[in-house]
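Residue numbers (my numbering): 1 to 148.
No wet-lab data here; the hints were simulated from the structure.
What you are looking at is a predicted structure, and each value in this text was computed from that prediction instead of being measured.
Mixed in with the good hints, there may be bad ones.
Said to hold, decoys possible - The calculated EDC-like cross-link candidates involving lysine to aspartate or glutamate, where the alpha carbons are at most 20 angstroms apart (straight line), are:
1) 43 - 33
2) 28 - 44
3) 2 - 36
4) 11 - 44
5) 2 - 44
6) 47 - 33
7) 47 - 36
8) 2 - 40
9) 43 - 8
10) 47 - 8
11) 28 - 40
12) 23 - 36
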Amino acid sequence: MKDLTFNEFAKHISVPRTTVYTKLNQIKNQEPEKYESYVDTTKEPLKIRAAYVVALEQLFKNPSAPKETPKQNQRSMQEELKYLEQALEESEERYQNLFTEYTQLVRHMQTVNQQLMTLMMDQMSQKKSHPRKTNNEERVGQMHLFQD
Numbered sequence: 001m002k003d004l005t006f007n008e009f010a011k012h013i014s015v016p017r018t019t020v021y022t023k024l025n026q027i028k029n030q031e032p033e034k035y036e037s038y039v040d041t042t043k044e045p046l047k048i049r050a051a052y053v054v055a056l057e058q059l060f061k062n063p064s065a066p067k068e069t070p071k072q073n074q075r076s077m078q079e080e081l082k083y084l085e086q087a088l089e090e091s092e093e094r095y096q097n098l099f100t101e102y103t104q105l106v107r108h109m110q111t112v113n114q115q116l117m118t119l120m121m122d123q124m125s126q127k128k129s130h131p132r133k134t135n136n137e138e139r140v141g142q143m144h145l146f147q148d
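Given only the sequences and the hints, what does the whole structure look like? Please build it.
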C-alpha cells in the first residue's frame with residue numbers, strides 16, 4: 001500500500017470526500033499528535049501514510065472500533081490502569097483518614113456527653129440536699145428576723 005491523498009483515500013473506502021476531511025480535521029483538533037502520525041504534513045498535497053491506511057479504513061467503516069493501533073491502545077490502557085490504581089489508593093487513604101477523624105469525634109462526643117450527665121446528676125443531687133426556698137418562704141423568713 002502507498003501513501004494516499006485524502007481524495008484517493010475517500011475513493012478507496014467508498015466514503016464521501018467531505019467525510020474524510022471532517023473526520024481527519026476532528027482528529028487534528030482533538031489529538032494533534034495522532035493526526036501527525038496518520039498524515040504526512042511535510043509536503044503538499046497532504047497524504048495519509050501507508051502504514052495507517054488500514055487503521056483509518058477501519059475507523060471510517062466501524063466508528064466504534066478502537067481508534068488507536070493495538071500497541072498504542074495497550075499503552076494507554078496501562079496508563080489508565082496505573083492512574084486508576086493511584087486514584088484508588090488516594091481514595092482509600094482519604095477514607096481511612098476520615099474514618100479515623102470520625103472515630104475520634106465520636107469518642108470526644110461520648111466523653112463530653114458523659115461529663116454533661118455527671119454535671120446534671122451533681123446539680124440534681126445538690127437540689128435534693130439543699131432545697132431552695134420559694135420567694136414566699138424567703139420573705140416569711142426575713143419577716144421573722146425583723147420581728148425578733
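Hint check:
{"no.": "1", "hint": "43 - 33", "in the structure": "17 angstroms, holds"}
{"no.": "2", "hint": "28 - 44", "in the structure": "17 angstroms, holds"}
{"no.": "3", "hint": "2 - 36", "in the structure": "17 angstroms, holds"}
{"no.": "4", "hint": "11 - 44", "in the structure": "19 angstroms, holds"}
{"no.": "5", "hint": "2 - 44", "in the structure": "16 angstroms, holds"}
{"no.": "6", "hint": "47 - 33", "in the structure": "16 angstroms, holds"}
{"no.": "7", "hint": "47 - 36", "in the structure": "11 angstroms, holds"}
{"no.": "8", "hint": "2 - 40", "in the structure": "12 angstroms, holds"}
{"no.": "9", "hint": "43 - 8", "in the structure": "16 angstroms, holds"}
{"no.": "10", "hint": "47 - 8", "in the structure": "9 angstroms, holds"}
{"no.": "11", "hint": "28 - 40", "in the structure": "12 angstroms, holds"}
{"no.": "12", "hint": "23 - 36", "in the structure": "14 angstroms, holds"}
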